[in-house]
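**Q** Those protein sequences? They're chains A and B, same order as listed.
By this note's numbering, the letter at position 97 of the first sequence is numbered 97, and the numbering carries on one by one without gaps.
Every position in the second sequence, counted from 1, becomes a number in this note's numbering once 169 is added.
Wrong hints could be hidden among the right ones.
Result set (DMTMM-like, lysine to aspartate or glutamate): computed pairs, CA atoms no more than 25 Å apart in a straight line [what the hints assert, rightly or not]:
| no. | chain 1 | residue 1 | chain 2 | residue 2 |
| --- | --- | --- | --- | --- |
| 1 | B | LYS549 | B | GLU481 |
| 2 | A | LYS125 | B | GLU481 |
| 3 | B | LYS366 | A | ASP48 |
| 4 | A | LYS165 | A | ASP12 |
| 5 | B | LYS549 | B | GLU469 |
| 6 | B | LYS366 | A | GLU43 |
| 7 | B | LYS345 | A | ASP9 |
| 8 | A | LYS165 | A | GLU43 |
Keep in mind the hints are simulated off the structure, nothing from the lab.
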Amino acid sequence: MTAIYGLFDRPDAAQRAFTGLKRAGVPSADITVVSGEPFEAFEFSHRDHSMILFRLALAGGIIGFVLAVLLTRGTELAWPLVTGGMPIVAWWPNLVIIFEMTMLGAIVTTVVSLLVASKLPSFRKDLYDPAVSDGKILVGVPLTGGRSEESVRQALAVGGPAVVKTTQM
Amino acid sequence: MSDYSTTLTNDLLRPLIQTSWRFWLLVVLLLGVVSLGIGAFAYQVNQGIGVWGLNWPVFWAFDITNFVFWIGISHAGTLISAILRLVNAEWRRPVTRCAEVITVFALMIGAMFPIVHLGRPWLFFWLMPYPTERQIWPNFRSPLVWDFFAISTYLTGSSLFLFLPTIPDFALVRDKTTGWRHRFYAILALGWTGTTKQWHRLESAMQIMAIAIVPVAVSVHTIVSFDFSMAPVPMWHSTIFGPYFVAGAIFSGIAALIIAMAALRKFLHLEKYLHPVHFENLGKLLLMMSLLWGYFVFAERLTTWYGNEPSEMTTFWQTQRLSFAPLYWTMVTVNFILPVTILSFKKLRTITGCVIASFGVVLGMWLERFLIIVPTLSHKYLSYSWGSYRPRTPEILLLVATFGAMVLFYVLFSKLVPIISIWEMKIGQHPQLAHEHQTADEASTMWRTQP
Chain A
1 MTAIYGLFDR PDAAQRAFTG LKRAGVPSAD ITVVSGEPFE AFEFSHRDHS MILFRLALAG
61 GIIGFVLAVL LTRGTELAWP LVTGGMPIVA WWPNLVIIFE MTMLGAIVTT VVSLLVASKL
121 PSFRKDLYDP AVSDGKILVG VPLTGGRSEE SVRQALAVGG PAVVKTTQM
Chain B
170 MSDYSTTLTN DLLRPLIQTS WRFWLLVVLL LGVVSLGIGA FAYQVNQGIG VWGLNWPVFW
230 AFDITNFVFW IGISHAGTLI SAILRLVNAE WRRPVTRCAE VITVFALMIG AMFPIVHLGR
290 PWLFFWLMPY PTERQIWPNF RSPLVWDFFA ISTYLTGSSL FLFLPTIPDF ALVRDKTTGW
350 RHRFYAILAL GWTGTTKQWH RLESAMQIMA IAIVPVAVSV HTIVSFDFSM APVPMWHSTI
410 FGPYFVAGAI FSGIAALIIA MAALRKFLHL EKYLHPVHFE NLGKLLLMMS LLWGYFVFAE
470 RLTTWYGNEP SEMTTFWQTQ RLSFAPLYWT MVTVNFILPV TILSFKKLRT ITGCVIASFG
530 VVLGMWLERF LIIVPTLSHK YLSYSWGSYR PRTPEILLLV ATFGAMVLFY VLFSKLVPII
590 SIWEMKIGQH PQLAHEHQTA DEASTMWRTQ P
């Protein structure tokens, strides 16, 4: 698949190119913006806002909690040894284990969710240019759905002077 | 790329790409120190635990002191970094990674000591919670099992908290290098490109991790304190131990962070990024923790003295004016009098002043851990059970080696990973404009000089 992208020096130029592409009829989801740092103040960053990671972390915490309750209670009931005069299922000390496993569940789920949502690790050829590491901001789209190279070039030009390249993905 | 970004990238990547003979000399020296500790440990494994100074009734001494001390030092990084991230303190940017690294390595060193302390370390897996072939299941009512859960959770969380924000920097190094370095950092970067979606997910994940890691960090040292306070032993069985240990851990952690930052600033020439104001801010935190530590010690001592319980008073007087008094008053001097004297005055709160106070605190906090453990065990209850303790060469070598290992890990890490987060520093160039007509450059200069 062929893709075309422009490399911009400043985020406001990238924003103009992004807006130009949208006005040219390119769906927002088809536009890739790549940068060496996040630019939260610009619209092109806002489209990916989502609370999914927070919800998944909560779910991970709940799973950790349930597993901890099962582990502590199940272990104590499977081998009912009285220790230090405490009841067989001793909830006070079990709370320590339950707390740690709850937090571990939330932390591990967050990291796994981040990797999955960001499609990492990824060693396939994505739309990317090493110039991004020199501070350039890449704005690009794949040439699919009958989209012409010329129309995309014109839309990218709205952002101002930029290096425009074509690549195979 | 702006001039600032170019200089920033070049300055922070220089240590990764250029290696002087001084680096290798330092590594060899540190390896020598670590080898001493490995040799001492091998000797102990070969000869048995009798080569240590441990003897009835003192079975916990240097190794458990080291364990508590290093777990305490580990509170420098992740906890401080997480709090600064959550409150969005702009001055945190050059500090956070330096701090997070301390956590991971200090935890690794600290967590090693319960295994070393076993005497038969090859049986360490008995500490793990699983049903054994003898059908004795783990006892979740034991604080030692709580340690396993707390430390493994904190180590996992801290390692991930350190790793996640390094991914974009690995991608940067990947793009800036060739040959084996390019291949190495390409693997570490996991294929990161920097799409808006990736940035947003990363920032969300860091926020969640920061929220989650703060209570975990607090729980870890509270649980370490439970190793003592759950036992009905004089001067240990105290409700103040949890917060007292946490405060002490943060106190020693900040001191370690100041020392590490001063060394990085000096040897990696990072004067442009680690400013005097960073040290001054950390110095203020250290001062606050010193006062808090003094408050806890006073509260603990006054309560014991006022209660006048004979078994507690025996241990109390051992530390106040008998055999352990020199160590105790040294601790008070370097943990309280020295830092408060230096850090209370703006003129003395310089980089040198902060480093002097920090070295004092690191020494003082090690002594504090030792003085919690040994005087109590050596003077527990009836006088027929009293004893003494004197460390032997293998224990001292092992202690020295832990400091060597910490520095070695830190040096090697700063050789492989940008020790200051490059992308976070770049974001710092774009603070909110203070007024409508202020240019981005003016704003950037503002935060670089007045964080």
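**Q** Report the numbers of all earlier hints that the structure fails to satisfy, in ascending order.
**A** When the structure is compared with the hints, only number 2 turns out to be violated.
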